[in-house]
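Asker: Position chain B against the provided structure of chain A, taking the given hints into account.
Keeping their order, the protein sequence lines are chains A and B.
In my numbering, each residue's number is its place in the first sequence (first place is 1) plus 6.
In my numbering, each residue's number is its place in the second sequence (first place is 1) plus 6.
If you're looking for bench data, these hints aren't it; they were derived computationally from the structure.
Don't take every hint at face value.
Copies of the same chain look alike in the list, so a pair counts if it fits in one copy or across any two.
Result set (EDC-like, lysine to aspartate or glutamate): computed pairs, CA atoms no more than 20 Å apart in a straight line [what the hints assert, rightly or not]:
#: 1; residue 1: K14; residue 2: D213
#: 2; residue 1: K269; residue 2: D291
#: 3; residue 1: K333; residue 2: E274
#: 4; residue 1: K248; residue 2: E274
#: 5; residue 1: K248; residue 2: E105
#: 6; residue 1: K324; residue 2: D136
#: 7; residue 1: K196; residue 2: E107
#: 8; residue 1: K138; residue 2: E275
#: 9; residue 1: K148; residue 2: D246
#: 10; residue 1: K92; residue 2: E107
#: 11; residue 1: K201; residue 2: D169
#: 12; residue 1: K138; residue 2: E330
Protein chains: 2
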Amino acid sequence: MNIYDISKEAGVSIATVSRVINGNTNVSQKTKDKVLAVIKECGYTPNAFARGLGLNTMNTVGISCADSSDPYLAKAIYYLEQMLRKNGYDVILCCTGYELEGKQKYLNLLLSKRVDAMILVGSNFVEAEDSKNDYIRLAAKKVPILILNGALSGENIYCALCDDFQAIYDATNALIQNGIKDILYLYNSKSYSGKQKLDGYMAALKDNGIAYRKELVSYFTGDLQSVTNHLVSLSQNGLDFKGIITSDDSLAVGAIKYAKALKLAIPEELSIIGYNNSIYAECCDPELTSIDNKLETVCKNCVSTLMGVFSDEPVPLKTIFPAEIVKRETTAF
Amino acid sequence: MNIYDISKEAGVSIATVSRVINGNTNVSQKTKDKVLAVIKECGYTPNAFARGLGLNTMNTVGISCADSSDPYLAKAIYYLEQMLRKNGYDVILCCTGYELEGKQKYLNLLLSKRVDAMILVGSNFVEAEDSKNDYIRLAAKKVPILILNGALSGENIYCALCDDFQAIYDATNALIQNGIKDILYLYNSKSYSGKQKLDGYMAALKDNGIAYRKELVSYFTGDLQSVTNHLVSLSQNGLDFKGIITSDDSLAVGAIKYAKALKLAIPEELSIIGYNNSIYAECCDPELTSIDNKLETVCKNCVSTLMGVFSDEPVPLKTIFPAEIVKRETTAF
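Pulled out of the complex, with its shape left as it was, chain A reads as follows (with noise of 0.2 Å):
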């Protein structure tokens, strides 16, 4: 099916049809409905062909991740295709790297395909420094932007997460109901997801009147070995501490491997809590109690109040659900 078939079908000309699929306005309702009618009796609208030739849908969302590999944004990834394919759409994934320059390269990319919505998958697409942020901002003047686990304000943009904040004061806290009152807190990310965390942290010390000590609070970003090692580090530097909070499982599972190192018991004498809830969680030895960011949840969430954006509907910009600790042998509560 192409461009004459429509025009013969219509009783138009080839130029006619043209300028009904361009938005040219130098054509009357008349014929426009006409030609409209023909190429929606085809069943034309999901086609590449009629979508090309400007028609309003592409049924098409890009998903940005930083990297679809990590067991968590991978679980994202799967959950938000699922239920994007049974709405009826496509999903074009990217993965930009966690580079600044990356994201920003490919979400433009993606828009220049002319991609129905974007969401981009992960709380490392909020930059710290908000003006960093305004690409997103900007591209959102064309489409409508989902961010998952991640809070951006602006027109156009839609934040689902889980309260990260919270979800940390949490696991601090039942730590030092728990009598451990010098908590490590080691985290890979300073985007605002990280920021919320560490936040959390440091609330749960002040309302326990416990001193924050900046030794205690450990930026580092590696494979499983490399953390194993920056902890083993950190201890024979001098440095004690009986509980682990990590930001991420990985780095958890890196934790509880330097314990193995140093002969620790855990919980006994080392309590860890991870944070997504993930596969690292169970494969462990011992297993890892960690925070559950309901991220099944949130990916729902996010694709209905996407639905919505498309109906027309009232939708909130931004939907927090509270997380869960799971308890597991890392700790002793």
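Answerer: Just chain B now, kept in the frame of chain A:
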């Protein structure tokens, strides 16, 4: 930019532009070249509009996998997306589930979107009963089909895989050389690759003069905890084994947890070998000896084969890479 601009720039009528881009032969070669040159100059090819008008490429490759949150498949998707994007192709992702019906449905759906090619990720796409694969052969009449980690014969079907037979043969042989003769083989897939692996196990036994015992081959699917329970129940029913080889790392983690439950020393009383060398292998304790099936290499080959197909270069129908055993703490060798 639209069809008007092209016609103006090329100095021909809109109808002529339409004829050219729809492949109508009723245009002189000279005019055709002129129009195509304008289209090319405008950098038009990757634009949805131009593509939709009938230029033959969407610059989009469909990737189907059963479950993009499976760590192994997630890694494959990540590699493929990166490599395809470098070559200027978008990725439409589709999670089909493990049932034949879903695989068929989504393959046809993606074809209707006019993807330039399809990559089927994971050996589970190739059914052991060959007639069930005919829907793939049918699809290959429209676009090239690439199968990652599965082998299927057929025109326009290209396979990149790892030698699963030899990998399990070598692993089984290594345990036997270590004096372990009662080896449990635990698997969770009856796909092409699943069959290759099982054959490798049986061939190694045979070549070492060890009788095949049906009760030592166990098919089981389920989550981590249920794998552990399954092994405990096999053992409690009197089955004796000193080695476990699994078709997948997640099963091997279940085996490690089984050893822990029964207080068996690893590897002194039980040796374990996993498959895929995934993130599981490093998270568990003790760390898992696992077969690295060279996923990145296989993905790279798959994409370069596809680019070869697109440029009409001669490409192999099937490329097979050797695997490698990565030795960690669950084996004595």
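Asker: Does each hint hold? Answer for all of them.
Answerer: These are the hints, each one checked on the structure:
For a Cα distance limit of 20 Å, the shortest separation of K14 from D213 qualifies neither inside one copy, at 74 Å, nor across copies, at 71 Å. Taking the shortest Cα distances, K269 and D291 sit within 20 Å of each other both inside one copy (14 Å) and across copies (14 Å). When the C-alpha separation of K333 and E274 is checked against a cutoff of 20 Å, the pair qualifies only within one copy, where the shortest distance is 15 Å, while the shortest distance between copies is 32 Å. When the C-alpha separation of K248 and E274 is checked against a cutoff of 20 Å, the pair qualifies only within one copy, where the shortest distance is 9 Å, while the shortest distance between copies is 33 Å.
Proximity of K248 and E105 under a CA criterion of 20 Å is satisfied in neither setting, with 34 Å inside one chain copy and 48 Å between copies. In this assembly of identical chains, the alpha carbons of K324 and D136 lie at most 20 Å apart only when taken from the same copy (17 Å versus 50 Å across copies). Taking identical chains as interchangeable, the C-alpha atoms of K196 and E107 lie at most 20 Å apart only when both belong to the same chain, with a minimum of 16 Å there against 44 Å between chains. For the identical chains of this complex, K138 and E275 are neighbours neither inside a copy (43 Å) nor across copies (57 Å), given an alpha-carbon limit of 20 Å.
Taking the closest pair of Cα atoms, K148 and D246 never come within 20 Å of each other, the shortest separation being 52 Å inside a single copy and 65 Å across copies. With identical chains, the CA atoms of K92 and E107 are at most 20 Å apart between copies only, with a shortest distance of 15 Å across copies and 33 Å within one. Taking the shortest alpha-carbon separations for K201 and D169, only the intra-copy value of 12 Å comes in at or below 20 Å, while the best inter-copy value is 46 Å. For a Cα distance limit of 20 Å, the shortest separation of K138 from E330 qualifies neither inside one copy, at 31 Å, nor across copies, at 44 Å.
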